[in-house]
Amino acid sequence: MNPNELPLDIQDAARALSQFLLANPQAKAYQAAVIALDNDLQASALEKRYMDLYTHLTARQQRGEQLSQQEVEPFYTLRAEYSAHPLVTARNDAIGAFKPLLAEAAEQISAQLGLDFTELARAA
Amino acid sequence: MELSPILNLPATHEKVEQAAINLGDLLREHPRYQTYMQSIVDLQHDPRVKELSLKLQTTRNAVYGGKNTPELSGELQRVELELEDLPAIQTYRAAEEDARDLLSAVTTLLSETLKIDFAANAKRGCGCGG
Numbered sequence: 308m309n310p311n312e313l314p315l316d317i318q319d320a321a322r323a324l325s326q327f328l329l330a331n332p333q334a335k336a337y338q339a340a341v342i343a344l345d346n347d348l349q350a351s352a353l354e355k356r357y358m359d360l361y362t363h364l365t366a367r368q369q370r371g372e373q374l375s376q377q378e379v380e381p382f383y384t385l386r387a388e389y390s391a392h393p394l395v396t397a398r399n400d401a402i403g404a405f406k407p408l409l410a411e412a413a414e415q416i417s418a419q420l421g422l423d424f425t426e427l428a429r430a431a
Numbered sequence: 079m080e081l082s083p084i085l086n087l088p089a090t091h092e093k094v095e096q097a098a099i100n101l102g103d104l105l106r107e108h109p110r111y112q113t114y115m116q117s118i119v120d121l122q123h124d125p126r127v128k129e130l131s132l133k134l135q136t137t138r139n140a141v142y143g144g145k146n147t148p149e150l151s152g153e154l155q156r157v158e159l160e161l162e163d164l165p166a167i168q169t170y171r172a173a174e175e176d177a178r179d180l181l182s183a184v185t186t187l188l189s190e191t192l193k194i195d196f197a198a199n200a201k202r203g204c205g206c207g208g
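For the record, the sequence lines run as chains A and B. So the first sequence is numbered by my numbering: it starts at 308 and just counts up by one. So the second sequence is numbered by my numbering: it starts at 79 and just counts up by one.
Isolated chain A, as found in the complex (with noise of 0.2 Å):
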């Protein structure tokens, strides 16, 4: 389901939720954050070449290729060259922090529905 086919009311519904949301502290430290990265362009181009490789290498993996020793070093030096990014670095502690607020909406709405709501939305 396309989500402009919901009822209207849900959709309002979920637009205010995230207009609430986003008026936290954490929510703008995270899209600031966000920003940060990529008005980067040296670091959002990292993260493109970090990401491309990651599904590069996996896609094979699950294909059942072994993927060898020298195709795996260069994954692992980019990725300590990704990870120890500064811009990078923040943007993750800044999804960390507005996780438990992310967390905290879902749980109220898993206890309205008497289940798991992202666990079975993630299914799809």
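If you're looking for bench data, these hints aren't it; they were derived computationally from the structure. All C-beta atoms in this analysis are idealised placements derived from N, C-alpha and C, irrespective of residue type, glycine included. Careful: at least some of the hints might be erroneous.
[To be verified] Here are the in silico distance ranges between beta carbons for each label pair:
id, chain 1, residue 1, chain 2, residue 2, range
1, A, Arg356, B, Glu162, 40 to 50 Å
2, A, Ala352, B, Lys128, 30 to 40 Å
3, B, Gln122, A, Met358, 43 to 53 Å
4, B, Asp163, A, Asn309, 27 to 37 Å
5, B, Arg156, A, Glu312, 35 to 45 Å
Since chain A is already given, all that's left is putting chain B on it; use the hints.
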């Protein structure tokens, strides 16, 4: 007198809670959710489902409890297939898929507006990083 942590919450925190409750209430009233819940109740009251579930459990216990034989493995597979073929199970699976589709659309909308994968990140961390 010291206020409890709940009373000290900032207004935005309370609004998040109220908005989440409101969204949950609306989802609970949606026909897809209602159908899914009814399918669970129907499963719990279906005698054939109960009978085969018990048989499945017993067979699994035998297979994974060190008493496995080719016959038992075959029996396990047969019971699993028979259970999945029951109308009540098929109704439940279809209702679950519909409910999943509904909830997934909601998390997609939340993710789009928040610019973060809501379903993946709305989990309590283990405190071990990552």
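(message) Could you work out which of the previously given hints the structure breaks and list their numbers from low to high?
(response) Checked against the structure, the only hint that fails is number 2, while the rest are satisfied.
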